[in-house]
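J.: So you can see what is in the structure, the chains are spelled out below.
2 protein chains.
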Amino acid sequence: MADSPSPSPRDRLIAATEAMLRESGMAGTGIKDVVARSGAPIGSLYHYFPNGKTQLVTESLERHAAKFPALVERFFDEKRPPAAAVRALFDNAADVFEEIGADKGCAVGAVSLDLGANDTVLQSACHAAFRDWAGLIEPRLPFSDRETRRSCSVMIIVALEGAFVLSRAAKSGDPFRDAGRWLSRMLAASSDTPPRRARKSKPRTKR
Amino acid sequence: MADSPSPSPRDRLIAATEAMLRESGMAGTGIKDVVARSGAPIGSLYHYFPNGKTQLVTESLERHAAKFPALVERFFDEKRPPAAAVRALFDNAADVFEEIGADKGCAVGAVSLDLGANDTVLQSACHAAFRDWAGLIEPRLPFSDRETRRSCSVMIIVALEGAFVLSRAAKSGDPFRDAGRWLSRMLAASSDTPPRRARKSKPRTKR
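The listed protein sequences correspond, in order, to chains A and B.
Be aware that the first sequence starts at 1, since it is given in my numbering, and climbs by one per residue.
Be aware that the second sequence starts at 1, since it is given in my numbering, and climbs by one per residue.
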């Protein structure tokens, strides 16, 4: 059996950057350390990333962000009411956070808080990631009004990012579990569309 | 009239560090830049902070964290139901975030995501800040069960930190407004104790 091809130096540089951003943000992601961790030849960095660290970090954020759609697909499936889906998503995040060492945050969140005044390219990349993530969840939320769904999808991404912050400080996934519990209650109590496989009558919107 | 005494070099170093952590996390808080921004004599840093950057950042986080009790007192007053209090707190955070330039995050959140593997002192300082903040809100929440109040207070701090992350990326306070709206709905829908100035009957706990 053939092994899968080893990742290219370019892919290794991006993967190392993503990992280091998750571990300690821009503060812990020095170019020399990225190169050392990736095992890529030192000369390859500016060959593959002529715009340097900004390009490397931007592409690493895009790689990181591109993992989210599969998570949404996995948890917000047709059979699960959204309140249960969001709780399962957060409980899973808690478990994974702890399994991999209770120290890996979100690369996009870390860069967002580390942005310098001139980091407009990185700021746009962070903003795009959060907007896209919320946009994936928005159509799956149990509200007839689109603005209500949009606002709620932002709340869910806010909670996800905040849970990474508190979980990193606590070295425990419990903040994800607390957040998932409350988001789930919130959705169950506020829904104004019928659950897919339960009652057919339309409950009144609670305000 | 006498002017208030100017801050000591020690205070200026702490204030500069806090400001720089809010602007761009540990990544943007180099010791030389802190000294330059503070206007303190270069020799004063290791005089006042013999343990260097860790001590300086720890004390800056304590200074930052100590501002939260006054905010809680201001918004969670006796006359305001908790659902209205949390919305006012988040709407105020949105307004202040925008007024001061839409680029100042939370120093504790930024350090939490920038922690290196050996930053146990800073990690403890971040964890203590979040725990203390949640502890201030917990007794003011409208649930008879203490574990429910604890969990909900963590959710509120999670949302506050996550709102800083998304607001930094968006350069807009709107994520605070979305979060405040949903936290408020969540509290209003889940409360199992009577609002202070409204009905007297005790609604059933929703689960």
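If you are wondering where the hints come from, they were derived from the structure by calculation, not from laboratory data.
Please note that the accuracy of each hint is not assured.
As the list makes no split between identical chains, a pair holds if one copy fits it or if it spans any two.
To be verified - Restricting the straight-line Cα-Cα distance to at most 25 Å, the calculated cross-link-like pairs of lysine-lysine (DSS-like) are:
#1 Lys-171 - Lys-32
#2 Lys-32 - Lys-53
#3 Lys-104 - Lys-53
#4 Lys-79 - Lys-104
#5 Lys-53 - Lys-171
No experiment lies behind these values; they were computed from the predicted model shown.
J.: Compare the structure with each hint and give your call.
T.: Against the structure, the hints:
Taking the shortest Cα distances, Lys-171 and Lys-32 never come within 25 Å of each other, neither inside one copy (28 Å) nor across copies (31 Å). When the C-alpha separation of Lys-32 and Lys-53 is checked against a cutoff of 25 Å, the pair qualifies both within a copy, at 11 Å, and between copies, at 22 Å. Taking CA atoms no more than 25 Å apart as the test, Lys-104 paired with Lys-53 passes in both settings, with 21 Å inside one copy and 23 Å between copies. For the identical chains of this complex, Lys-79 and Lys-104 are neighbours neither inside a copy (31 Å) nor across copies (42 Å), given an alpha-carbon limit of 25 Å.
In this homomeric assembly, Lys-53 and Lys-171 come within 25 Å of each other (Cα to Cα) only across copies, at 22 Å, whereas the closest approach inside a single copy is 29 Å.
In the structure shown, a violation is registered for the earlier hints numbered 1, 4, in ascending order.
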